[in-house]
Amino acid sequence: MPEKRHAVHYLFTVVLAACSILYELVIAHKISLLASNTVIWYSVTVGLFLLGLGLGAFLSERLEKRFSAWKALFVVEVGLTALGALAVVLLNMAHMVFAQLYHAGGAGFGPEILFGTAFSLALAIGTLTGIELPLLISVGRKLNIRHATSVLLGLDYTGSLIGALAFPLILLPAFEPLGIGFGVAIINGLCALAIAWFAIDRRLIPIAFSASLVAVLLISTVQIGGIHQYFLKRYFYYIELGESLSTTFSLEDHLPPVFHASSPYQKINIVPDELPSVRHLFRPALSRKLSLPENHDFPGDQILTLDGRFQLNFSTEEIYHEYFAHVPIIATRVVPQKVLVLGAGDGLLIRELLKHPQIQIRHVDLDATLLDLAKNNPTFRRANRDALRDPRVDTRQGDGYYFIRNDTAKYDAIYIDFPAAYDYNLARLYSREFFQMVRARLNDRGFAVFDSTGTARLTPPDRNGNQAILPTNNWPVYYHTLLAAGFANADIHPFVTTLSFNHSELVDLIKTTDLKDHVINMNAEKLKRTVSDEHRSRLLETLIDQYAQATIPAEISRNQHGFIMLGAPGLAVSKEYVDLDLELYVLTPERYPLAFSYEYPFELKIRPDLVNSIMRPRFPTDPIWHAKLPY
Amino acid sequence: MFYLIVTILAFCSIAYELLLGQILSAFLGNTVLRYSVTIGLYMLSMGIGAFVVRDRMLARPVLALQIVEVILSVIGGFSLVFLIWVDSTGAPGALFSLIAHSLIIIIGILSGMEIPLLIGVRNLHVPESDIKVLGLDYIGACAGALVFAFVLYPITGLTLAAFLIAGLNALTGVCLITERRAVPTADRSVFKSLIGTQTALGILLVICAWQAPAINEFIITVYLKA
Chain A
1 MPEKRHAVHY
11 LFTVVLAACS
21 ILYELVIAHK
31 ISLLASNTVI
41 WYSVTVGLFL
51 LGLGLGAFLS
61 ERLEKRFSAW
71 KALFVVEVGL
81 TALGALAVVL
91 LNMAHMVFAQ
101 LYHAGGAGFG
111 PEILFGTAFS
121 LALAIGTLTG
131 IELPLLISVG
141 RKLNIRHATS
151 VLLGLDYTGS
161 LIGALAFPLI
171 LLPAFEPLGI
181 GFGVAIINGL
191 CALAIAWFAI
201 DRRLIPIAFS
211 ASLVAVLLIS
221 TVQIGGIHQY
231 FLKRYFYYIE
241 LGESLSTTFS
251 LEDHLPPVFH
261 ASSPYQKINI
271 VPDELPSVRH
281 LFRPALSRKL
291 SLPENHDFPG
301 DQILTLDGRF
311 QLNFSTEEIY
321 HEYFAHVPII
331 ATRVVPQKVL
341 VLGAGDGLLI
351 RELLKHPQIQ
361 IRHVDLDATL
371 LDLAKNNPTF
381 RRANRDALRD
391 PRVDTRQGDG
401 YYFIRNDTAK
411 YDAIYIDFPA
421 AYDYNLARLY
431 SREFFQMVRA
441 RLNDRGFAVF
451 DSTGTARLTP
461 PDRNGNQAIL
471 PTNNWPVYYH
481 TLLAAGFANA
491 DIHPFVTTLS
501 FNHSELVDLI
511 KTTDLKDHVI
521 NMNAEKLKRT
531 VSDEHRSRLL
541 ETLIDQYAQA
551 TIPAEISRNQ
561 HGFIMLGAPG
571 LAVSKEYVDL
581 DLELYVLTPE
591 RYPLAFSYEY
601 PFELKIRPDL
611 VNSIMRPRFP
621 TDPIWHAKLP
631 Y
Chain B
1 MFYLIVTILA
11 FCSIAYELLL
21 GQILSAFLGN
31 TVLRYSVTIG
41 LYMLSMGIGA
51 FVVRDRMLAR
61 PVLALQIVEV
71 ILSVIGGFSL
81 VFLIWVDSTG
91 APGALFSLIA
101 HSLIIIIGIL
111 SGMEIPLLIG
121 VRNLHVPESD
131 IKVLGLDYIG
141 ACAGALVFAF
151 VLYPITGLTL
161 AAFLIAGLNA
171 LTGVCLITER
181 RAVPTADRSV
191 FKSLIGTQTA
201 LGILLVICAW
211 QAPAINEFII
221 TVYLKA
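Protein chains in written order, with the numbering used here: chain A, 1 to 631; chain B, 1 to 226.
Any given hint could be a false lead.
[What the hints assert, rightly or not] Taking lysine-lysine pairs in the DSSO-like style, the calculated list, with each CA pair at most 30 Å apart, reads:
1. K132/B <-> K65/A
2. K338/A <-> K4/A
3. K225/B <-> K338/A
4. K289/A <-> K267/A
5. K71/A <-> K132/B
6. K142/A <-> K132/B
7. K132/B <-> K410/A
8. K132/B <-> K605/A
9. K338/A <-> K375/A
[Stated by the list, open to error] Quick look at which bits of chain A chain B covers, simulated, 3 or more residues with Cβ under 8 Å:
10. 38-49
11. 87-95
12. 416-429
The set of hints was computed from the structure by calculation and includes no laboratory data.
As the structure is a computational prediction, the values presented were derived from the model and not from experiment.
A virtual CB, placed ideally from N, CA and C, is assigned to each residue, including glycine.
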């Protein structure tokens, strides 16, 4: 029955083409997760895939002269199965090596190892796929398929399209890249097994080989949760596991598991951060939250990350959200009524806004999975106090840019809380086009405020509290983008979550907590040399004082985050505190004026080369060859 | 010269496609979806393009190729402006998306037609050079993908990039003049007028590229007025 054999061969061609493009998309996606900048890594992967297809076509001609098409095809499929399944594993391991080298001090060849692995995989899979197609065609000719070349070429392209559509629409929302890689490799391995069974005379070795490959993959897929958790821990606990390469790669650890959820748009992780560290001991000085009786049992600190990037600490996030929500309201002295919130799917900013009884919120966030977690996950619910279940909040799922482009309502306040612009596709949310549309949606006395990551890159405060702008500060890009969007200098109000610390309070804190031991350990030599106990205790006092003196600026700059507030024309902004009678943990009358204490440089002329536009992004400002670390 | 033409044409095709993918992603969001779909459609329509080439076209490969290049430079160069105009008419997202994806398919089909036609042109002198043409086509595409991501989008910007790529495409088409001996005498006048069209188009696109900042301001204004 030749027709049946033809149909099988057609199916083969479609499936194998889909497998190959899926491997490539998995690699592109994984490297985007490990190094950010989706557009660049997708383009590079596709470019290398195409280059590989070309190379493969050259090689295929030579191979066919030596081996039978079926045998060559079997070897190619086994190679693709193994590489495809291992791709994500190898990329994770390359990242582990990178993180270990980074933690050990020297950046070394860490990023090169990661990118080298990704590019070699993309090229190798492309090349094998390039070899595959001419082999499929020559098999098709032997099966007497009419117009074998064009028919099979057409089916190959159709398979590519199926793979390219299935990846973002079906696979990515439901599975991790690791699982997609395994699943596709199983299908590919079954194809290899079928070739061994039906086409190469049922020889034992190829059958046994491909069957055991499929078996290993099936076992791995059953164990996928464990494998995934292993890599998650290696990614997020790179500091704890970074002693040496052997601890980094060790199969055993006693670290708590990492929570993970994924959506079509991002990976959401909650990382327990329970290990004692010096930084944690400062928390009582940062926020009153943990010293209040009702919060005593607040679950050990947890960190929220999106796409493997730090977003917030649940125990100190008020540093960010209280400033974000209340500084503009205090500054304008008007509590808005009709408020639009874009992003902020975690519900924490909304929790702050709901402290004002007159506020009504329209909320738009892209990610239904994050919104669902914010409503139902206990960690989120405890932190956002069920803000998203409040009847005053009208939440819709949608793209913020698209929403504001098509919206016609006007608002008293627009709060914009998107992830930082570390990717071209996020850069559009900070573009002149976006801000111009925001401006059009503001009421006469309205304001907009957004999280301007990178504008708080200032030097630690000197003795007089003065800070200077660092060269990596993103202020110039935001500023010229806002000018291009039509905002006047007088309507742009940058502010920073600069904290104040009471020096004597911090000294008391050091004396009464484990920080004292930390100071003693740091100065063990000096303390040993003192003769009398009295001397020693006086020296310790001085050392504690010095430590506090040195630590305060560092803690201040570590907890700085930048925001930019945009007023409707002529909206007055006051830098004096007024008490709105809110329950606040971080924002105090002393800290409020510090938010405006740094004078950003203003110019009069727009510099077009600094304007971030959807036509030409100016973000991300970080270097391209940059591997990601969670914190 | 001929192999350079092959490489540049492939370069232009993928750059057009990524440009459209980026516009879709900027307007409608979800970069991963846009890029995956763009790449999938590009490959499929390339396949369709290779199918579409008929013996009639292969009989006069130079002329057919010239026509393909004229259409590609026009569509590639002005698709951005056209799409922004479509969006500014208040067309629903679905219609915008449909038009943008149709453009991706049209450019893909035309690019798919290029390869057999180029092979046809080459076979007039050197038989059996298929693999070399195919290989160079892939190399050009690889270069296009990389240059788009690292240079064209972040440094030149989409508006200028569209005109530059299309201008390059038109002027590369003009370079087909080196294949004039392959054109039968009966077709010489058509050939000459096509070369003329391509030259004019190339000059127009270079002028557009020169005026790109002003055109960019204009289209953003149109986009935001909507």
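Cross-check of the supplied hints:
About 18 Å separates the Cα atoms of K132/B and K65/A, which keeps this hinted pair within 30 Å; it holds. Among the hinted pairs, K338/A with K4/A is inconsistent with the structure: their alpha-carbon atoms are about 66 Å apart, more than 30 Å. A distance of roughly 24 Å separates the Cα atoms of K225/B and K338/A; the hinted pair therefore holds under the 30 Å criterion. Pair hint K289/A plus K267/A holds up; C-alpha atoms about 28 Å apart against a cutoff of 30 Å.
Of the pairs offered as hints, the one joining K71/A and K132/B holds, with about 25 Å between alpha carbons and a cut-off of 30 Å not exceeded. The hinted pair formed by K142/A and K132/B meets the criterion: a straight-line CA distance of about 25 Å does not exceed 30 Å. This hinted pair does not check out: K132/B and K410/A have alpha carbons roughly 60 Å apart, beyond 30 Å. Between K132/B and K605/A, the direct Cα distance comes to roughly 53 Å. Violation of the 30 Å bound is thereby established for this hinted pair.
Restraint check for K338/A and K375/A: the C-alpha separation of about 22 Å stays at or below 30 Å, so the hint holds. Only when three residues or more bring their CB closer than 8 Å to a CB of chain B does the claim for the region 38-49 of chain A stand; here the count is 9, and the claim holds. With 0 residues having a beta carbon nearer than 8 Å to a beta carbon of chain B, the region 87-95 of chain A misses the requirement of three or more and the stated coverage is violated. Only when three residues or more bring their CB closer than 8 Å to a CB of chain B does the claim for the region 416-429 of chain A stand; here the count is 4, and the claim holds.
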